[in-house]
Structures are given as C-alpha cells and as structure tokens.
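Undergrad: Read off the chains here:
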Amino acid sequence: MIREAYVNALTLALFALIPLWAVLADEPFTITLMTRAAIFAIAAIGLNIALGLGGLVSLGHAVFFGVGGYAMGILAHHAQTYTALSEWPFLIEGTKSMPVIWLAAVVLSALAALVIGILSLRTTGVYFIMITLAFGQMFFFFAISWAEYGGEDGLSIYVRNGFPGLNTLDPIQFYGLCLGLLCLVLVFAWKLAGSPFGLALNAARQAPVRVETVGLDPTRLRLVAFVLSGAIAGLAGALFADLNRFVSPVMFSWQTSGEIMIFVILGGVGRLFGPVIGALVFVALEHWLGGLSEYWHIYLGLLLLLIVLFGRGGLIGMICGREAVHD
Amino acid sequence: MSLILLIEQVLNGLQFGIMLFLMAAGLTLIFGVMGLINLAHGSLYMIGAFCAAAVAAWSGSFLLGLVAALAGAAIAGALVELIVIRRLYDKDHLDQVLATFALILIFSEGTRWIFGSFPLYLNVPAYLSGPVTLPGGIEYPFYRLALIIVGLAVAAGLYLLISKTRLGVQIRAGENDREMIAALGIDIARLYTIVFALGAALAGLAGALVGAIQSVQVGMGEPVLIMAFVVIVIGGIGSIKGALIGAVLVGLTDTLGGIFLPEIMKLFFDPSTATSIGSSLASMAIYVLMAAVLILKPSGLFGVRA
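Line by line, the protein sequences are chains U and E. In the working numbering, each residue carries its 1-based index in the first sequence increased by 266. In the working numbering, each residue carries its 1-based index in the second sequence increased by 917.
One or more hints might be untrue.
Pulled a few chain E residues facing chain U out of the computed Cβ check, cut under 8 Å [what the hints assert, rightly or not]:
#1 Leu-1011
#2 Ala-1016
#3 Arg-1029
#4 Ser-1197
#5 Met-1201
Pulled from the structure, derived: some chain E residues nowhere near chain U, Cβ distances all over 12 Å [what the hints assert, rightly or not]:
#6 Ala-1073
#7 Thr-1082
#8 Ala-1099
Honestly, the hints are just simulated from the structure, not real lab data. Glycine included, every Cβ here is placed at the ideal spot set by N, Cα and C.
Can you build the whole structure from these sequences, using the hints too?
TA: Pasting the structure below:
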C-alpha cells in the first residue's frame, strides 16, 4: 500500500507539470482540459465539506455552481452592454473584474446555501437528498424561464474577465489563476478538517447524540458546513463560466449535481485529495473515452459501477487502503 | 376561463398524476421494502416505452406493444436486481445514488446505441383514438380517459395484491422486519427480485402508455423520475397510499399551475411579464409544493419514518 501523502503529492505534481509540458509542446487544448479539472476539483472540494465531513448527501450542489456562474454571467453582461444592474436603492453596475465577480459569486452562493440549508436540514437521509434535488430543479427551471438573461439559451460573454496584472485570455495564465485558487481551497479544507469546528462536525456525523450531549448543536454545525460548501462551489461556478465564457441553465441541472458528486466519490469521500483526483480522472476519462467511442457514457457507467461495487473508498481507497473519514 | 376548460384541465392533471403514480408506486415499494434509492427507475420507464414502440411497429398491435413493455421492463428490472442492485442493499444511500446513476448512463447510451438518437413514435390505436363526450357535453380524448381508467385499475390491483395476497403479506412483512421473515423461511432474495421486477413492470407500463402521447426517446425517463421522487417524498417514502395522493397532487399542481398561474399574474403585471413570471412559477410549482410539505412534515404526508 502506498502512503496517501505520496498520492497527494503526485496529484499536485500532475497539476503543475502537465500544463507546463503542454506549453512547451504547444498543446493549448490540454491546458484547457487541466483548467476544467482544476475548476471541477474546487467544486468537488466544496461538496466534500458537506458530504465527507458533514455526512450531508446533497444532490443539489449544482445550485451553488450555477449561482456562481450566473453571478459572473450577469455582472459581465451588464458590463459589456453598459447597463446598470440596478439603479435603486443602490446603483449597481456590471463589472469585468474577476476578484469582484468571485466575491459576488461566493457571497451569493453562500446566501443561497444558507436559505436552502435552513430549510433542508429539517430533514435527514433520503428526504435530505430529495429536498436538495428539488431546490436544484427550482433553480434550473427558474433559469430556463429567466428570459432577461438568455433563458434556455444562456448568456455569452465575449471577452474573458480581467485579473490585475494578468492576461486571462492566455490559457496558461488563466490556468495559473485557477490552480492558485485550487491550492487556496485545498489549504482551507485541510485547515477546516483539523480545526475544532471540523472535528465537531466530524463527530456530529458519527455520533450526533453525543455531540448534542456535550452542548453542541449538530444542526448548526451542519448548516455552517453547508454554507461553506456552497460558497466554494459558487467560486468554482464563476471560474467555470469564465473558462467557457458562457453560462446556461445546464449549470443548474441535476446531472451537474450528479457529476460533482461523482468527482467526490470517484476519488474518495472525506479525503482531502479525493475530489481533486476524482475531477482529474473524470476529465481524463471524458476526453479519452470520448475519443474512443461515441457511446463513451456506457464505459463511464460501467467503470463507476465497478468502483462503487468493488472499490471501497474510491480511487484513493483502492490505492492507499485504510478506511476514509467517511464510513 | 370557462368551466369546461377547468374540467378538462383537471382531467389532464388527473391523467398525468395517475401516470406518475405508476412510476412512484414502484419507487416507493422498492424503497419501502429494500431501503434502496433507485435513480435508474426512469431508465425502466424508457425501456418500457422503447419495447412498446418497437413491438407495436413490428406487429402492428398496440396491445402486443403493451405486453412487450411490461415483459421487457420486468425482465430488465429482474436482471438489474440480480446483477447489480442486490449488492447495494447493505451499502449507504451514497453508494446507491452513484451506482444507479451509473446505470442511467449505461441504459441511456445503450438505448441510443441500439435505436439511434431519433425519437420513435407509438401511435394510439384506432379503437382508443378520437374524443369521447362526457356528461355535461365535455369532449375529452378517449385515450387519456383510458389512461385514467387503466391507472386506477392498476392502483386497485396493487392495493389488492398488497393487502390480500400471500406475496403482499410478505412484502409488508419485509418492510417491517426482514430478519424475522427470513427466519420464518421466506426466501428474501427471491422476494426482493420479485418486488423489483414488479416495480420495473409498473414503470415500463407507464412509459409505454405515455409514449403514445409524447415521443419515445432517450432521456425521456429522467424528468419523470424526478417528478416521481417529488411524489413519493410528498406522500411519505414507502407508502403506496401516499404515492397515490402525492401523484394526484403533483399532477394537478403541475397542470393547473401551467394554465392558471400566468392568468393570476395578469392581475398584477402587464401581459408579457405575467406570462413569463407565471410560466416560471408554474414550472417550479411542484418543487415549491414539495419543499413546503417537507418543511411542515419532514417525513412526508403519510411517512412513518425518515
């Protein structure tokens, strides 16, 4: 069995070296693929805080991904059409500045997670899965009928948003930005899991009654985890929208929620690098199997099925053994 | 807004709700008896529709198509249970969600591979087409009325099966205490396969019946699946009665919401805004209904446990 730390280091090395190779070999598409993987990894790390640490099986994380995406789409749309987003009570104008957009995406998706969390955390188990799915559908259908921002067709942004000192249209510079954020989010998730809050949350998943007995409120712990989780997924959504320069209701669809969950489970639930490896392997499979056969979803499905049935703890669990935090 | 239109829409809502019930009954039965979340239930609906369309086109007989739908979905269900699902009973919901999500990918792409990307069409047979005049002079499509009648008959049959037969006793016992009925000498593995095949057959029947109104295509099962989940969550997971009431509620909310919400919005906004807000509210209505029910009753209207 290989130590998990080595696998983690190897994963980070791949994220650093593959794009470097791609620049030297002049393969910009590989850089785009790695950018996709990095962004999906951020979203999946977000979900893993709720899922792995908190034991909250949310089938609605596409809501936060989509809110982040639409935050970017709407702000940039108003900036490029020179129209104000709102004039009253405050004048809000569009922007093409990434840091401002990220802040808006994080705050708005955290707010959405707060409201959805308060309502959904009244239920548990399957009911929680289903109510989060239902909120996802509400946002999906709302986005479809929101004609002002493209409705079903979505919104296109012609020029990628800007970041001070960088040329974000250069694939490798935009990738560097995404990788930097991925590392920040990883450090955050790592610190969080080891913090008193993370430990209490972990305990609330394993033994809620005991946690309550020592005077902590499991529901409040879960709510905070859900909000943090949603905020990170929202950041990923804003980046994803910027990568494609396009947002559409698909970001809100339940298949998107399912995919984010696949990243986490494929890599290993409750492991720091599980979501990262899951996202990387998924993007690689999508690219490789997609080139192999038109019907690549069959192979993807079979592979997932084999991992669920025979591989405990996802890919990391299969490589490193030992049970994950989540059991 | 005339009374006749209202009655027509109520009938449409009822018909939609009863078709949802056929889907939801299988889902809730499988969850109640085996504790399994089956996201691939929509694929069985799709398989039923494709079997019906293919066999009806080949034989020219709609009834033979229905038989093929029932048989095809039941066989697919039994095979899936034997090969995959039985390994998932003692796993947590997370693994079940992922494994059945993987099954959706396999079934959808497999169907696309066999039948291609173009939709198939299943025609309503001559003896079921045309309008029928209801008391009060309302003209209503005969086929839709037949769907309501067939659906209600199936609901009644299901009720009798579960409350009066030996199999029903075993199913109810399986919901409550599987160790005990295994100890009494009942073959649990066989019971589970039968329940799963039964649920699959109901989904396949729904797919075939609805396939004659809509087109038969890959991915047709997913929207219905989500609605069926909404139904069983509103009704309370594991309760057949809850599924029936939930299905009718969802069917009526969805159909009547689509007609009346834009009209109601016209009282407050100008016509184009009203139509857009109204239709967006209408497509969200059933999810709002579900969230409201769960917030008030976290385990559904007739749910006994979470």
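Undergrad: Please go over all the hints and tell whether each is borne out by the structure.
TA: Taking the hints in turn, this is what the structure says about them:
1. A distance limit of 8 Å between C-beta atoms decides the matter here; for Leu-1011 of chain E the minimum to chain U is near 5 Å, and the interface restraint holds.
2. For the restraint placing Ala-1016 of chain E at the interface with chain U, the shortest Cβ-Cβ distance is roughly 4 Å, inside the 8 Å limit, so the hint holds.
3. With 8 Å as the threshold, the beta carbon of Arg-1029 of chain E comes within range of chain U, its nearest partner Cβ sitting at about 7 Å, so the hint holds.
4. For Ser-1197 of chain E, the interface hint holds, since its Cβ comes within 8 Å of a Cβ in chain U; the closest pair sits about 3 Å apart.
5. For Met-1201 of chain E, the suggested interface contact is upheld, since its CB lies about 5 Å from the closest CB of chain U, less than 8 Å.
6. Every C-beta of chain U lies more than 12 Å from that of Ala-1073 of chain E, the closest at about 28 Å, which supports listing it as non-interface.
7. Distance check on Thr-1082 of chain E: its Cβ is at least 28 Å (rounded) from any Cβ of chain U, clearing the 12 Å threshold; non-interface status holds.
8. Every beta carbon of chain U lies more than 12 Å from that of Ala-1099 of chain E, the smallest distance being close to 23 Å; the non-interface claim holds.
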